[in-house]
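Since the structure of chain A is already known, use the hints to place chain B on it.
There are 2 protein chains.
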Amino acid sequence: MTRLLPLALALSILFPSAALAAGEDPSLPLLLFLVLILLTAKLMGHVSVLLGQPPVLGELCAGILLGNLGLIGIPAAGGLAADSFVDIFARIGVVILLFQVGLESTVRDIMKVGFSSLLVAVLGVIAPFGLGWLVGAWLLPGESAYVHAFLGATLCATSVGITARVLQDIGKSREKEARIILGAAVIDDVLGLIVLASVSGIILAADAGGQADWMSTVMVVLKAVGFLAGSLLLGTFLTPRLFRQAARLRGPGVLLGVSLAFCFLLAYLAGLAGLAPIVGAFAAGLILEPVHFQQFGDDRIHSLEEGLTRLAEFLVPVFFVAMGAKVDLRAFASADALLLALALTVAAVVGKQICSLGVVGRGLNRWAVGIGMIPRGEVGLIFAGIGMTLVLRGEPVVDAATYSAVVMMVFVTTLVTPPLLKRAMRPRAAANGSTTGDPS
Amino acid sequence: MTRLLPLALALSILFPSAALAAGEDPSLPLLLFLVLILLTAKLMGHVSVLLGQPPVLGELCAGILLGNLGLIGIPAAGGLAADSFVDIFARIGVVILLFQVGLESTVRDIMKVGFSSLLVAVLGVIAPFGLGWLVGAWLLPGESAYVHAFLGATLCATSVGITARVLQDIGKSREKEARIILGAAVIDDVLGLIVLASVSGIILAADAGGQADWMSTVMVVLKAVGFLAGSLLLGTFLTPRLFRQAARLRGPGVLLGVSLAFCFLLAYLAGLAGLAPIVGAFAAGLILEPVHFQQFGDDRIHSLEEGLTRLAEFLVPVFFVAMGAKVDLRAFASADALLLALALTVAAVVGKQICSLGVVGRGLNRWAVGIGMIPRGEVGLIFAGIGMTLVLRGEPVVDAATYSAVVMMVFVTTLVTPPLLKRAMRPRAAANGSTTGDPS
Numbered sequence: 001m002t003r004l005l006p007l008a009l010a011l012s013i014l015f016p017s018a019a020l021a022a023g024e025d026p027s028l029p030l031l032l033f034l035v036l037i038l039l040t041a042k043l044m045g046h047v048s049v050l051l052g053q054p055p056v057l058g059e060l061c062a063g064i065l066l067g068n069l070g071l072i073g074i075p076a077a078g079g080l081a082a083d084s085f086v087d088i089f090a091r092i093g094v095v096i097l098l099f100q101v102g103l104e105s106t107v108r109d110i111m112k113v114g115f116s117s118l119l120v121a122v123l124g125v126i127a128p129f130g131l132g133w134l135v136g137a138w139l140l141p142g143e144s145a146y147v148h149a150f151l152g153a154t155l156c157a158t159s160v161g162i163t164a165r166v167l168q169d170i171g172k173s174r175e176k177e178a179r180i181i182l183g184a185a186v187i188d189d190v191l192g193l194i195v196l197a198s199v200s201g202i203i204l205a206a207d208a209g210g211q212a213d214w215m216s217t218v219m220v221v222l223k224a225v226g227f228l229a230g231s232l233l234l235g236t237f238l239t240p241r242l243f244r245q246a247a248r249l250r251g252p253g254v255l256l257g258v259s260l261a262f263c264f265l266l267a268y269l270a271g272l273a274g275l276a277p278i279v280g281a282f283a284a285g286l287i288l289e290p291v292h293f294q295q296f297g298d299d300r301i302h303s304l305e306e307g308l309t310r311l312a313e314f315l316v317p318v319f320f321v322a323m324g325a326k327v328d329l330r331a332f333a334s335a336d337a338l339l340l341a342l343a344l345t346v347a348a349v350v351g352k353q354i355c356s357l358g359v360v361g362r363g364l365n366r367w368a369v370g371i372g373m374i375p376r377g378e379v380g381l382i383f384a385g386i387g388m389t390l391v392l393r394g395e396p397v398v399d400a401a402t403y404s405a406v407v408m409m410v411f412v413t414t415l416v417t418p419p420l421l422k423r424a425m426r427p428r429a430a431a432n433g434s435t436t437g438d439p440s
Numbered sequence: 441m442t443r444l445l446p447l448a449l450a451l452s453i454l455f456p457s458a459a460l461a462a463g464e465d466p467s468l469p470l471l472l473f474l475v476l477i478l479l480t481a482k483l484m485g486h487v488s489v490l491l492g493q494p495p496v497l498g499e500l501c502a503g504i505l506l507g508n509l510g511l512i513g514i515p516a517a518g519g520l521a522a523d524s525f526v527d528i529f530a531r532i533g534v535v536i537l538l539f540q541v542g543l544e545s546t547v548r549d550i551m552k553v554g555f556s557s558l559l560v561a562v563l564g565v566i567a568p569f570g571l572g573w574l575v576g577a578w579l580l581p582g583e584s585a586y587v588h589a590f591l592g593a594t595l596c597a598t599s600v601g602i603t604a605r606v607l608q609d610i611g612k613s614r615e616k617e618a619r620i621i622l623g624a625a626v627i628d629d630v631l632g633l634i635v636l637a638s639v640s641g642i643i644l645a646a647d648a649g650g651q652a653d654w655m656s657t658v659m660v661v662l663k664a665v666g667f668l669a670g671s672l673l674l675g676t677f678l679t680p681r682l683f684r685q686a687a688r689l690r691g692p693g694v695l696l697g698v699s700l701a702f703c704f705l706l707a708y709l710a711g712l713a714g715l716a717p718i719v720g721a722f723a724a725g726l727i728l729e730p731v732h733f734q735q736f737g738d739d740r741i742h743s744l745e746e747g748l749t750r751l752a753e754f755l756v757p758v759f760f761v762a763m764g765a766k767v768d769l770r771a772f773a774s775a776d777a778l779l780l781a782l783a784l785t786v787a788a789v790v791g792k793q794i795c796s797l798g799v800v801g802r803g804l805n806r807w808a809v810g811i812g813m814i815p816r817g818e819v820g821l822i823f824a825g826i827g828m829t830l831v832l833r834g835e836p837v838v839d840a841a842t843y844s845a846v847v848m849m850v851f852v853t854t855l856v857t858p859p860l861l862k863r864a865m866r867p868r869a870a871a872n873g874s875t876t877g878d879p880s
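Line order of the protein sequences matches chains A and B. Anchor point for the first sequence: position 191 equals 191 in the numbering used here, and the numbering is continuous, going up by one each time. Position in the second sequence (from 1) plus 440 gives the number in the numbering used here.
Chain A extracted, bound-state conformation (with noise of 0.2 Å):
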């Protein structure tokens, strides 16, 4: 690398010009990025249709393969995983699927399954903690009783990207399950940044030898409420007169452009509060009902969709291409590793499946929530990433191998759940005598 550096200076001031668009240009990695994700998103999305699953699992194995073909020699794709561009337009791209699938319910459906879906939070968030907690004194006899914990809180929150999308892959985001499991998942975010919180708060004070903060805590709460309280008031309140108005706007993509600020707008709001942004696009999508859009006419309502889909065409597989890119296969050859692994998706998926029991009513798919609640995804990953910035006596609360298990964790939590919520979701299709058919 530095004996090519003064060969890429002397290009530099022979090509201003060249330098500039090829060397400069900010643009021309992320070009060549999407162009390798774009592909290989389609053509592995094609071989899990033709396999019968939904396309995000190969979205999902198309990532993996991009982000270790280095381990083959093959370096075409170096630099994906980390790349600070995909990143931001993954991060946008999940935004807007949640958005996409916030908008196919009202928060009058959420609030009918309300009391199902706190139950199945609180009971999904309970379980895996303690179950995690378990798995983590039995495995790390040597670790401290923090540490144990911390593996718990790893376990609690669940990836609503992965079951938003398969809901929408296999056309089920409108059931009643999917209402209980998306508002659970909601909830779970909330839940799991106040154990993350809480159990963060209780290590650092432990390592200065002090109490814990409770009020940081209750800060983290307060913020979490206010904002979700907020949104609802904004929903009641401010959405109809905002569309109304600009329902009178004249030029292209009016009605388009005003949603997508709106719902960046409660991502960032959501972001601000201490939430995940898809948390606040998730509730945007809610909180606009096609009445809002009465005054655009029908046509430009169906544009609304229409438009979202194609946005999430493009922008939703640079997400879930991007997140399998993460994995890194490395992490699968150590037995110690491997089998705390096993141990805590074992206790991941059995802790989901208690939560099942938070289903109210009857003629309900316990078994498909429990499924839906399954994948940990990008959420696990950012957990465990906290954990190994936290230091107690000296040492990181979650070590290299430690991370690895929880990274393998993710992987087999997130692809195990778009083949097992297919086949859940089957039967009561069948049993309703619903003709909605596969995408396939």
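None of these hints come from the bench; they were simulated from the model. Any given hint could be a false lead.
[Claimed, not checked] If you want a taste of the chain B side facing chain A, the calculated C-beta under 7 Å gives, among others: (1) H486; (2) P495; (3) R531; (4) R690; (5) G691; (6) G693; (7) V694; (8) L700; (9) L705; (10) A707; (11) Y708; (12) G711; (13) R750.
Cβ atoms here follow ideal geometry from the backbone N, Cα and C, with glycine treated the same way.
Below, chain B alone, put in the same frame as chain A:
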């Protein structure tokens, strides 16, 4: 700021998850910028339409407003113009715009007007280059001839983005004049690159006291011509095969995904060849013809155009707002800079009117072609930026005052084009008895 640092550190330790979401989630500033961009773009676009102007004019003004709010003490949009994530979304946006505009013509369409385009492009580079040199010699007599030549070079390239968008806004992008302009703008990009490389090479050689390295200029030409010839070959042989295979893929959004991948690939290759990525995107659009998609079925061809329109409604305003935000209104404060700016603007406008003499054929609207070539947009800014980094006898070739004058020239040529081009394209439509309405 420094007093806040310990507080921020304390907060990020006490609230690791909150810090992660609020401080570290890299998408939060972008989400807020996108909200501001989309809302002001749609609002000002509305005002433009009310005033009988194309929406793109409103989007540019929205950018100027957001970029200069700091001058009246409102820091809300501070950093928008310099934000790298906004910049990357803008770049992908203009790539998609040029792909969309390219799709409206075929290689054959451009070949038919090829001789006109070539003459227009060559005249449109020679005339502004000479006039810009004269302006430099007149108003900057103290500077060397190299500086005057460089000023001429900054006037050469046409910003095809503005013209393409205006033609699209007024529903005229399939007219013969539109093809001549777009073809000439693509050739202009190649010629501008050659002029810039030559002038830069001469200045560098002069500064070093030696002879200019003509080989490097020849290399620039070879790479650019190689790219254009290569994409035509690709168009004839590879594309039908690629899309015949792609038509077999199952899963959502295959046609949009594969088409975007093709567009991004050519944009990337153009960048590697030292051209602007938008030249590659336009070439990709020209190469793809409806016949390639026949096996996808008529519905899906329609959905490709529809899909690109939706993507463009989101991403293209980001480009024009970001371009407007780069205008620093403080540059208008100096009388000397204003005079130089005025003279450069006149040279830029008159120089491109001369090029309309190159239009071959009867019944064509030469006036519209000359006006369509006026906007310099981001290309002029890029050239001037390179001039600021070139050093001759210890002084930058383009100093701050000259740069401001170039910025103003870009600002004026960009803002006058939409209304002028809309007016110039109107008589022909009336003469044809065309009923194509304006989007207003």
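Against the structure, the hints:
For H486 of chain B, the suggested interface contact is upheld, since its CB lies about 4 Å from the closest CB of chain A, less than 7 Å. For P495 of chain B, the suggested interface contact is upheld, since its CB lies about 4 Å from the closest CB of chain A, less than 7 Å. About 4 Å separates the beta-carbon of R531 of chain B from the nearest beta-carbon of chain A, less than 7 Å, and the hint is met. For R690 of chain B, the shortest C-beta to C-beta distance to chain A is roughly 4 Å, which falls under 7 Å, so the interface hint holds.
The restraint placing G691 of chain B at the interface with chain A holds, with a minimum CB-CB distance near 4 Å, inside the 7 Å limit. Interface hint at G693 of chain B: satisfied, since its Cβ lies 3 Å from the closest Cβ of chain A, which is below the 7 Å cut-off. Residue-level restraint check for V694 of chain B holds (minimum Cβ-Cβ distance to chain A is 5 Å; threshold 7 Å). The criterion of a C-beta within 7 Å of any C-beta in chain A is met by L700 of chain B, whose closest approach is roughly 6 Å, and the hint holds.
Satisfaction of the interface hint for L705 of chain B is found here, the shortest Cβ-Cβ separation to chain A being roughly 5 Å, below the 7 Å cut-off. Annotation: interface hint on A707 of chain B holds; nearest CB of chain A at approximately 5 Å, less than 7 Å. Taking 7 Å as the C-beta cut-off, the interface hint given for Y708 of chain B holds, the closest approach to chain A being about 4 Å. Nearest Cβ of chain A to the Cβ of G711 of chain B: about 4 Å, under the 7 Å cut. The hint holds.
The restraint placing R750 of chain B at the interface with chain A holds, with a minimum CB-CB distance near 4 Å, inside the 7 Å limit.
Checked against the numbered hints given earlier, this structure breaks none of them.
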